[in-house]
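J.: Chains as they are written, first to last, in our numbering: chain A, 14 to 450; chain B, 14 to 450.
Warning: the hint list may mix true and false statements.
Since the list gives no way to pick out one identical chain from another, each pair is judged satisfied if it fits inside one copy or across any two copies.
Calculated cross-link-like contacts (lysine-lysine; reagent style DSSO-like; alpha-carbon spacing at most 30 Å) [what the hints assert, rightly or not]:
| no. | residue 1 | residue 2 |
| --- | --- | --- |
| 1 | K431 | K137 |
| 2 | K449 | K66 |
| 3 | K449 | K431 |
| 4 | K431 | K441 |
| 5 | K288 | K76 |
| 6 | K239 | K137 |
| 7 | K66 | K76 |
| 8 | K441 | K288 |
| 9 | K137 | K112 |
Keep in mind that the hints were calculated from the coordinates and are not lab data.
There are 2 protein chains.
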Amino acid sequence: MNCSSLGIGLAGLGTVGSGVVLALERNSNLICDRTGGQVKLEVAKVLVRDVAKVRPVNLPIEKLTTSWQELVADPSVDIVVELIGGTTDAFDIVAAALKARKPVVTGNKALLAERGVELFALSKEHDTPIHFEAAVAGGIPIIKTVQESFIGNRIHSITGIINGTSNYILERMTTAGLEFPASLGEAQALGYAEADPALDVNGWDAAHKAILLATLAYGFPIDPAKVHVAGIEQVRPIDIDFATRLGYVVKLLAVVREHPDCSVELRVQPSFIPKSHILASVHGVFNAVAVHGDAAGESLFYGRGAGQDPTASSVVADLVEAARSLRQATGHRGFLPYRESGVLLPVEDTETAYYVRFDVTDRPGVIAEVARVLADAGIGISGTHSPVKPDQPDAEFLDMVFLLHTCRFGLLQDTLDKIEALDCINSKPVVFRIEKL
Amino acid sequence: MNCSSLGIGLAGLGTVGSGVVLALERNSNLICDRTGGQVKLEVAKVLVRDVAKVRPVNLPIEKLTTSWQELVADPSVDIVVELIGGTTDAFDIVAAALKARKPVVTGNKALLAERGVELFALSKEHDTPIHFEAAVAGGIPIIKTVQESFIGNRIHSITGIINGTSNYILERMTTAGLEFPASLGEAQALGYAEADPALDVNGWDAAHKAILLATLAYGFPIDPAKVHVAGIEQVRPIDIDFATRLGYVVKLLAVVREHPDCSVELRVQPSFIPKSHILASVHGVFNAVAVHGDAAGESLFYGRGAGQDPTASSVVADLVEAARSLRQATGHRGFLPYRESGVLLPVEDTETAYYVRFDVTDRPGVIAEVARVLADAGIGISGTHSPVKPDQPDAEFLDMVFLLHTCRFGLLQDTLDKIEALDCINSKPVVFRIEKL
Ligand SMILES: NC(=O)c1ccc[n+]([C@@H]2O[C@H](COP(=O)([O-])OP(=O)(O)OC[C@H]3O[C@@H](n4cnc5c(N)ncnc54)[C@H](OP(=O)(O)O)[C@@H]3O)[C@@H](O)[C@H]2O)c1
Ligand SMILES: NC(=O)c1ccc[n+]([C@@H]2O[C@H](COP(=O)([O-])OP(=O)(O)OC[C@H]3O[C@@H](n4cnc5c(N)ncnc54)[C@H](OP(=O)(O)O)[C@@H]3O)[C@@H](O)[C@H]2O)c1
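Sequences are here, hints too, so could you generate the full structure?
T.: Structure follows, in structure tokens:
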């Protein structure tokens, strides 16, 4: 088949950028065939910081530039792919592309979660789409699924394991009994974690993705400042032991849920989930997203959440989408928020059961004191435990954990503040959610 | 938002047809919002056999007709939805709609697998798409995923549990120890099986779906006569016991796989799959499809494979797709086979390990005789067993099972023919695959 080419302006030639070049080299004839000869994609221009760097892909030097203005303005560039990361230069590139009416493809969840309001406004104003399949769950087509396949569904909930690095770390803590720092070190050595793994382990990478999913499902922009996010840095082997004994697995879970009053719950934190639930079987760096729609019912989408090839797979799918729209001169088919605003459920009003760990000074009465404060607040206790070594049943303990019945998170927080003020309690209690899935 | 309407001509108001009417009643405002005001869908005309029948949905009598010609020709019908089933009237309706340049949405896998060549030719000739998300795996968006999200991937394999009824039956045989007829009866009583469950249990419903998936992935039409299909009618509790003891689960598996020479393996049959594989956790009437792409890697898509609401969810997604293309006057965005032909790997050339059950007359030497024929053919045996009651270790046995190493299926068949000719063997051996996944 005879495909005429569309030019790609590729901003970034790192892990994902190189993957896109390789995927197109490998499969561009296939793509041309599959689109009935409509779409042939060619890398026209590439933005990097360092033109001299040796790279795993071979591109003629004249295609490289260090000027994003040049990339966007190049007349041979029809579509701009942003894969440099960050929220500053990346913002400028995407904004400039939209103003030039060049469709954008990006894998940058931080950019869209933090500055999506401005960018989607530009997308609307200039009738030019932003495609972002690669921004959530790497090779899993969850964006298209929520946006297109579930378009006839009211979305009840989206629950996901959407940060592979933290999933890997928690799993190694579980199977090898590692402490958090050792497990993180392992993930870094294997190249799973970023050089700066902060966003992976503090929950914000997952939160950025959850914000995008919630915006897709409910149509309104979400202020990241209002989202409750906790990372996995506080998880310790003792927590995992306890979870295991009770039939749970500890996962960093992103929860998006619509309540009957149409408010949207959105939170990311380490959670106990039942071992029998399918999400508990998501191992290593894999991702999975469970979507519950009013018509489709329960569905689950599972696959590689990051990495060069899987992420490139999603970028290429978006490129074809963008290319078809250009070829067919259709209007904007990309996503746009369709509601000015919506109600985010305050985290204080969310309700689950909880696991709480206290750092205590052991002395007779400490359990009674804590239990009394909980009782006064009307919070039910389903179990308590203070781990001691089997051969030292009378040793002093340092940790005390409580399992608490479902209550408002706000009530829990107020009550924990009171408990923290007791003089047997040495630091801020650590709280994980126990999820009903 | 102010959406102008598109009219749907709905052929069939049974399980799925009613589901579509209900889903649109429930969520058409949401769809209008989500499409930025482009798409409002209205049921304009409905084809049924019996206009007088009492139905779960309320439609004004003047919208009902028993003439499909009237339905297709009605000027208020912009898109035709075929949900009557079968391959005769359904063919005429779809063909007529395409000729009238009205996009088609269908959930009819039998129609497309058996007569897709003719229909896709009409689709091309009249530049009018056929959408068929609902035809495979009900509410799971597997068609869109393979066609659009994986467009930049060479598809290595697609492996699926895509008939919920047989999955339910096999599971009940496993967990409750039921014989096949009792388990089928239960599925029928629960409304899972069709009144005529033939296509469910003989593997052809799954095969029709697998044919569609293979055509999507590899682009050429597939002759159903060349596809190897075996159903679950021959599965007995003894097989399931044996599988369980060895760490396998028995599933009706559809396997589509591209070989290095580009030939495509396509088969449906009861298979032993490792208990630890994620497909082994697909319970009840749920479906799951594992897709392995060269870029995306391993992915899995899980959800409800049938039923009113999930299937309607997919029909509605296709309707929106069709409606957007009409609104935006784009060219054909639906699927078209893009290769005239391709090579289907003859089933004789497929290779797996096998489980074989023989109906034998017990006498000293029977195992030796069978083993000798296998040895002469060069087929390795990894185990053999003849179930007898624990309290009657010397009783005569009737069944003898062998686990065989990987070999060409053609070699196995020839060898089994020879074994069948032995006078200790009473009927055709029963063969299941042991899959490496
Ligand atoms: N890696 C993954 O698995 C993955 C998965 C999903 C989404 N993403 C997202 O994809 C994006 C890219 O990730 P990555 O892993 O490919 O990053 P990376 O390996 O660090 O590559 C970044 C690339 O961008 C270039 N670059 C960075 N800042 C630049 C600037 N200011 N001006 C010009 N060029 C600049 C770099 O140039 P030099 O090569 O010259 O230094 C490099 O080629 C990020 O938004 C990330 O969140 C990544
Ligand atoms: N059921 C599922 O879960 C499911 C899932 C995926 C795909 N599908 C596919 O969807 C299609 C419909 O399935 P279904 O379960 O909805 O079937 P169904 O409940 O039997 O309904 C069939 C409908 O079509 C009408 N009809 C049948 N033959 C007709 C004819 N020759 N002329 C006019 N009207 C005719 C019937 O009219 P009356 O009502 O007047 O009898 C009835 O309303 C099939 O292709 C099936 O394979 C079904």
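J.: Give a verdict on every hint.
T.: Going through the hints against the structure:
no.: 1; hint: K431 to K137; result: neither (49 Å within a copy, 71 Å between copies)
no.: 2; hint: K449 to K66; result: neither (50 Å within a copy, 42 Å between copies)
no.: 3; hint: K449 to K431; result: within (27 Å within a copy, 57 Å between copies)
no.: 4; hint: K431 to K441; result: within (11 Å within a copy, 76 Å between copies)
no.: 5; hint: K288 to K76; result: neither (51 Å within a copy, 51 Å between copies)
no.: 6; hint: K239 to K137; result: within (25 Å within a copy, 50 Å between copies)
no.: 7; hint: K66 to K76; result: within (14 Å within a copy, 68 Å between copies)
no.: 8; hint: K441 to K288; result: within (28 Å within a copy, 43 Å between copies)
no.: 9; hint: K137 to K112; result: within (10 Å within a copy, 36 Å between copies)
Comparing the model with each numbered hint stated earlier shows that hints 1, 2 and 5 do not hold.
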